[in-house]
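**Q** One letter stands for each residue in the lines below.
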Amino acid sequence: MNVSPLELIGLALALLLIYSLLLPDARRTIRSIKAFGELRRTIELSVEDGSRLQINLGGGGLLGPDSAAAFAGLTLLRQVNNIAADSDQPPVATTGDTLLMLLAQDTMRHTYSRLTIGDQYHPRLGQATGLTSFSYAAGTLPLILERSVSASALIGSYGEEVALITAASQQAGAFSLGGSNTLNGQAVLFGSAQEPLIGEEVFATGAYMDSGAAHRASLRAQDVLRWLIILLLILTALSPLVAGFQ
Amino acid sequence: MNLRVATPLAAAVAVAAGVFILVSLFVPGLEDLRNRILNWAILMAALALLLGMLNLFSVHFEKIRNRQQPVYSAVLIIAMLATFGITAWEGSQGVISTWIFNNIEVPIEASLMAVLAISLTLAAVRLLQNRKDLMSIVFAVTLFILLLGSGPLFGIELPFFTSGLGPYVNGILSTGAMRGLLIGVALGTMLTGLRILIAADRPYGG
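First to last, the sequence lines map onto chains U and W.
Counting in our numbering, the first sequence runs from 1 upward without gaps.
Counting in our numbering, the second sequence runs from 1 upward without gaps.
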């Protein structure tokens with residue numbers, strides 16, 4: 001059975017629209033992911049004790065497949081700013097891509113405006129700390145080590161260099177949560193971050209951080225598609241066996 | 001300067017561009033227009049590089065003013081301006097800019113790679129201290145098997161690991177897990193893209 005990319009995209013779009021518009025079940029519970037629970041707790045604590053949150057969006061650009069992980073990071077940035085923008089130490093965003101830096105600044109500026117604290121926003125809250133993977137990691141380290149960062153969330157496209165950032169977080173005693181779209185990044189984050197996000201969990205950030213019905217619908221559509229793929233894989237594996245009996 | 005674009009207009013432009021690029025991948029004859037739009041995006045990315053440089057300059061200039069490790073920031077600013085000036089003057093393939101890349105940037109990144117090796121070793125050692133769950137144990141055991149299976153250790157070859165368990169874990173179990181993760185990432189990427197295409201998620205304009 002051949003499924004073309006267009007058919008798969010069409011099916012995903014149909015599921016997304018059905019779950020967004022026809023079956024928007026807001027009460028439906030989603031399985032607990034410990035990382036997001038810990039992140040929420042850390043955000044609340046940081047607002048109380050006046051420490052800083054750092055959202056690292058990685059080095060993935062916006063002109064390729066890495067952009068989806070960067071968008072998941074931007075969703076987290078928006079939600080974290082909704083909660084902590086008016087705290088003593090407002091959240092800081094770092095990126096390794098300048099287009100992503102502009103989007104991060106735009107996201108923060110609009111959140112500050114919406115919270116009617118637009119005068120407290122400054123473009124330096126969203127920084128491009130380096131433009132290659134290692135220079136990005138190296139530029140991010142001082143922000144963690146010099147400032148009173150209580151949590152460092154890494155959501156975006158990372159490679160092995162992410163270990164330098166998580167090591168700095170550990171040295172600073174900061175909570176670290178990490179998710180990447182690359183396999184290398186995921187493996188390193190699993191070993192070095194306090195709370196790693198595995199596989200598609202990084203794209204569930206919006207649904208777990210209450211970003212709206214579209215994010216929950218997207219998560220449900222993703223679940224349906226995953227089960228369909230599992231079913232197809234099993235059927236494909238069994239088909240030679242069935243053919244052998246005939 | 002504060003440029004503000006109304007959110008509905010920004011959303012309309014973003015959705016129209018996204019839908020067109022997607023459609024052009026499936027409908028023949030739209031390649032030229034697609035390439036032109038993608039070239040505009042690349043031009044904007046190049047402009048964003050200049051803005052990123054200004055941002056970096058502003059951050060480190062502020063650090064110098066506030067005397068927060070001013071020496072490091074001063075070195076960064078001087079190096080950045082010098083590299084920018086030289087590269088703008090003689091091009092990215094020029095003698096001096098190539099020398100800067102080969103003799104300064106590459107060795108610095110290589111030294112960071114060396115630090116990374118130590119960080120990763122420490123992370124592997126600390127893994128079971130930080131998280132004592134089943135998955136961490138599986139991760140640590142797999143790492144141990146793959147290390148033993150990667151070749152002779154101190155001149156001693158362990159055939160059970162190098163030609164038995166190691167290749168099995170690496171070739172079958174790891175590959176299966178990797179494909180599962182990649183399918184999950186691909187689904188997440190596709191749905192994130194679709195959310196943006198239908199403007200349900202707008203990572204621009206708030």
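Think of the hints as simulated: they come from the structure by calculation, not from any bench.
Take the hints with a grain of salt, since some may be wrong.
Straight-line distance between alpha carbons at most 20 Å, and here's what the computed EDC-like set of lysine to aspartate or glutamate pairs gives [stated by the list, open to error]:
hint, chain 1, residue 1, chain 2, residue 2
1, W, Lys-132, U, Glu-38
2, U, Lys-34, U, Glu-201
3, W, Lys-63, U, Glu-146
4, U, Lys-34, U, Glu-44
5, U, Lys-34, W, Glu-31
6, U, Lys-34, U, Glu-146
7, U, Lys-34, U, Asp-223
**Q** Take the hints in turn and mark each one as holding or not.
**A** To see whether the hints hold, each was checked on the structure:
| no. | hint | result |
| --- | --- | --- |
| 1 | W:Lys-132 to U:Glu-38 | holds (16 Å) |
| 2 | U:Lys-34 to U:Glu-201 | holds (11 Å) |
| 3 | W:Lys-63 to U:Glu-146 | holds (12 Å) |
| 4 | U:Lys-34 to U:Glu-44 | holds (16 Å) |
| 5 | U:Lys-34 to W:Glu-31 | violated (45 Å) |
| 6 | U:Lys-34 to U:Glu-146 | violated (28 Å) |
| 7 | U:Lys-34 to U:Asp-223 | holds (19 Å) |
The earlier numbered hints that this structure contradicts are 5 and 6.
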